[in-house]
Every structure is written in structure tokens, then in C-alpha cells.
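Construct the entire structure; sequences and hints are all you get.
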Amino acid sequence: MRQKSASGGKTTLLCSRRELQLSIEMNAKMEDSSGNLIEFRDVSFRINDILNRLIVLGVSLEIPQGETLVLLGRSGSGKTTLLRLINAMLLPTQGQVLVKGRSTAEWDRICLRRGIGYVIQEAGLFPHFTVAENVALVPSLEKWDRERTAARVRELLSLVGLDASEFAKRRPRELSGGQRQRVGVARALAADPPILLMDEPFGALDPVTRAEMQREFRALAQRLQKTIVFVTHDLREALLLASRIVLLEAGRIVAVAPPREFLQIDHPEVRAFAASLGTNSGAPA
Amino acid sequence: MSPDVSNWSFFSEHREEILSATLDHMTLVVIAMGIAILIAVPLGMFIVQRPAPRAIALGIANIFQTIPSLALFGFLIPIPFIGGIGKRTAIVALVLYALLPILRNTYVGLSGIDPAVLEAAEAMGMTQAQILFRVRFPLALAVILAGIRTATIITIGIATIAAAIGAGGLGTFIFRGVALVSDSLILAGAIPAALLALLADFLLGLVERQLRVV
Chain A
1 MRQKSASGGK
11 TTLLCSRREL
21 QLSIEMNAKM
31 EDSSGNLIEF
41 RDVSFRINDI
51 LNRLIVLGVS
61 LEIPQGETLV
71 LLGRSGSGKT
81 TLLRLINAML
91 LPTQGQVLVK
101 GRSTAEWDRI
111 CLRRGIGYVI
121 QEAGLFPHFT
131 VAENVALVPS
141 LEKWDRERTA
151 ARVRELLSLV
161 GLDASEFAKR
171 RPRELSGGQR
181 QRVGVARALA
191 ADPPILLMDE
201 PFGALDPVTR
211 AEMQREFRAL
221 AQRLQKTIVF
231 VTHDLREALL
241 LASRIVLLEA
251 GRIVAVAPPR
261 EFLQIDHPEV
271 RAFAASLGTN
281 SGAPA
Chain B
1 MSPDVSNWSF
11 FSEHREEILS
21 ATLDHMTLVV
31 IAMGIAILIA
41 VPLGMFIVQR
51 PAPRAIALGI
61 ANIFQTIPSL
71 ALFGFLIPIP
81 FIGGIGKRTA
91 IVALVLYALL
101 PILRNTYVGL
111 SGIDPAVLEA
121 AEAMGMTQAQ
131 ILFRVRFPLA
141 LAVILAGIRT
151 ATIITIGIAT
161 IAAAIGAGGL
171 GTFIFRGVAL
181 VSDSLILAGA
191 IPAALLALLA
201 DFLLGLVERQ
211 LRVV
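Protein sequences, first through last, are from chains A and B.
Counting in the working numbering, the first sequence runs from 1 upward without gaps.
Counting in the working numbering, the second sequence runs from 1 upward without gaps.
It should be emphasised that the hints constitute simulated quantities derived from the structure, not laboratory data.
We put the CB at the ideal spot given by N, CA and C, even for glycine.
All the given hints hold, so there is nothing to weed out.
Residues from chain B that face chain A, not an exhaustive set, calculated with beta carbons under 8 Å:
(1) A116
(2) V117
(3) E119
(4) A120
(5) E122
(6) A123
(7) M124
(8) G125
(9) M126
(10) T127
(11) V135
(12) P138
(13) L139
Cβ pair distances, simulated, as ranges:
(14) B:S20 to A:K143: 51 to 57 Å
(15) A:D145 to B:I60: 43 to 49 Å
(16) B:V207 to A:G161: 37 to 43 Å
(17) B:I60 to A:P268: 54 to 60 Å
(18) A:L51 to B:T66: 37 to 43 Å
(19) B:F202 to A:P207: 46 to 52 Å
(20) A:R173 to B:G166: 48 to 54 Å
(21) B:G59 to A:V256: 50 to 56 Å
(22) B:A55 to A:A272: 43 to 49 Å
Written out as C-alpha cells, the structure is:
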């Protein structure tokens, strides 16, 4: 039955109701069994260009419901690629990525993505939309009615600490970097997706705003109980936010541990990251 | 008598002729621009993510632009259906000239969108069509309009040559003036054409500024 609706979903562009209903049911099932919301099964990814480089190599990883998993690694270690494999922006060359028990290759991509929030470094807000319109993007794609959308926008803006009456009508260029990123988070949460993907969301912010956003985000994540996959190259950020840290090096997982145990791991790449802690100003969280 | 005074009296004596030629001229330009926009903007949307058709379309539009306008009018006369003497041929030629600036700006505008915005759009579950019409197109509109503005000004100028193949317009005065060695006649065509171009530039510039939301 799953198969049938998956292939049926591919013919329609808009996310069909049946597909959504199905994902809600799957959700409920996942919550019951407290199973893995996301699972990588021996996943490799090769860039389809002349160099044909392997970006991700044999990654297996289970991400249970409610976890805040941080993918940590240097630039080019494959962490963003792993993230993009989850919402089918990329499909694995080998192996499978399962989301809610179903391979991303089988999912209707549009439906899959509407059920996954996505936050990136520069926020990627639509410059021609107001803040409210940006936040309401997925609800508008899902054709929510006006009142429900407006109520949701107000709720989300206050959730991320922005006063709706002051900010709703502004355009992204009239916001500071931190405010833009808050709107980005609100937009990602708009349709209440169970999964949130974040690609160095605070990377472009000044250190003070960054620390502020990290603290607030940690509180928010604990309150919302979403499954969050968070990409960063900043060990301090990883230690602060993660329930589990996955360290990547050249497309492979080299260490997996909760923050408390992470620094004790005896691996050269872990030591390299730990050494970077000392060079940063201020005490680690 | 100074040439100024003779020109002025010529203008006032032939006011109605000049006015009707100006209207003819505007008609040519408006029809040609309308057709060119209807061809070039959708074509530009089509070629944004298709490199091979893009090279061909921009190449062809480029070639038309390099043909001297008088020669293009001449080439079109013997062609059946679109050719012959008169307005229709002139409009075809003007459309061919207007294509490149609009097509190029449409392509540049649509392809110059911030990659982070496009990535977010895709990741939020927008379809390719939704990304094109709700994100790329509105953000490219000011650039597309700049292309339309350029094309309009070029077309107003080139349309004076359309008189050579009997399409009417302000070029009629210019060609007659050249034949009769009359400055007054040449100016009777050239001044309104220049004013039209300035006016079009100004008005389209206003609209363009309105659309530049970012």
C-alpha cells in the first residue's frame, strides 16, 4: 500500500491529501514505536561530474525521534551533503536514506520536503516577500485558509522572539542578520514538520548574536521535541546544542558520542577539533 | 530668415501630418514591442535551465542584431507571408531587433537569483513551476523591464527606417527631407522620434524603479 501511494504521488505536483495523511499516520506509528525517524543505510554519494568524487562513503546512522543530532566536520567533510540526502535534494548513489521508514528515492520529493523544515546560513528568505509571507510559505503551498495561516504566523514569530505587529510587514532587507535568521527558523517550523534540518544556521552572525541565538535555540529545541539534524564546523556549538555529535572526516563517520563523552574520544580528528576549542575566545559551554 | 524660424513655421503648418505620423510610429513600436515581449520573455524562461537551447536562442537573436537595419528590411521584402511592402514587414523586422535585449535580460534576470533563495525554495517543497513563477520571475522583473526599456528605445529609432519600405511613421519625413535636401523635413521626423524615445525611457524607468523591490 505504501508503494502504491508513493508512485501515485509522483504524478501529482502538489502534495496530495492522501500523501499527507499517510505521512501523518506514519508519524503516529513512529512515535508509538519510538523508532528511527531518519536512517542512513550504508549510504555513499558520488558527485556526478568529471572528477566523480566520493563525498559520502558508507555512512550508516540512525536518528531517533526527538534527537538533536549535530553533524560536525571541517569544510568538505560531507556534512552538508548528508543533510541534503535527508530531504532528497540529493539521492544516494549507493545505499538508502529512510525517512519515516520510507526510502527518499520512493518519496514524492515535494511531499517529503514539505514535511521537513530547512534552515540555511544566510536564511535564504525571499526578498520580495514580507516577513509574514516568508513564514507563511509552506502553509500557502499547502493552501491553508487565511485565518489559520495568519494565526500560525503570529504564533511562530512570537516563538522565535519577534513581535508580529512590528515585524510582520517588513521585508527581509529591513532586518538584521539575527532577525533574518529568526524568521528563517519560523519559516521552517511553519507547517509543524517533525524534522528540522539546519545547515550552519548561525554561521554568518556576529559572535554575540550567535551565542544569543544558540541559547534560545537550545531552549526552543527542548520545548518543541523536533528531530533536528544540525550541521556545523564549530565544536562549541555542537557541544552546546547536540544530544549526540557525529564527527565526519572526508565523507566518513569517525566518531559518534553524546557531548559529555565526545572530548574523551581518542581519535586524531577529535583531538584536532578539541584543540580548536582552546584557540577560540571565551570558555566552552 | 534664420533656420529656426523657418522650422517652427514648418512645424506649425504641418502639425496634423506630424501628429498622425507620430501616432503611426507609436503604433508600429507598440505592436512590435508587444509581439517581441510575448516571444522573448517566455523564451527566456524556457532557456534559463537549458544550456543547449539557450546558446541557440541567444545566438540567433544576436545575429539579427548584427544585420544592418536597412538591409534587414530589404531582405524581408521578397519573403512570402511575412514580407512585402508595408507595415507588416516593418513590424517583423522591428520584432527581430527587439528580441535580443529582452531575451538576454530575461535570461540574466532569471539566472541571477541568490542561490540561497533558490535552495530554500526547493527545500521548502516548491515545485519547479512554483519556483519559476513565484520566486525567479518576480525577482527578475526589474531586470526584464530594463531589457524592455532598451528594446523600446532601439525600436523607436529603427522604426524611422521602416518608412523605406512604405510602413509610414516619422521616417517618412526623414526620407523625404533627405531626398529634397530639406532640414525642416528631416527635423520634423527626427525631433518627434527623439522626444518619443526620451518619453518612453522616462516612463519605463519609473515603472522599473517601482519593481525594484530588493
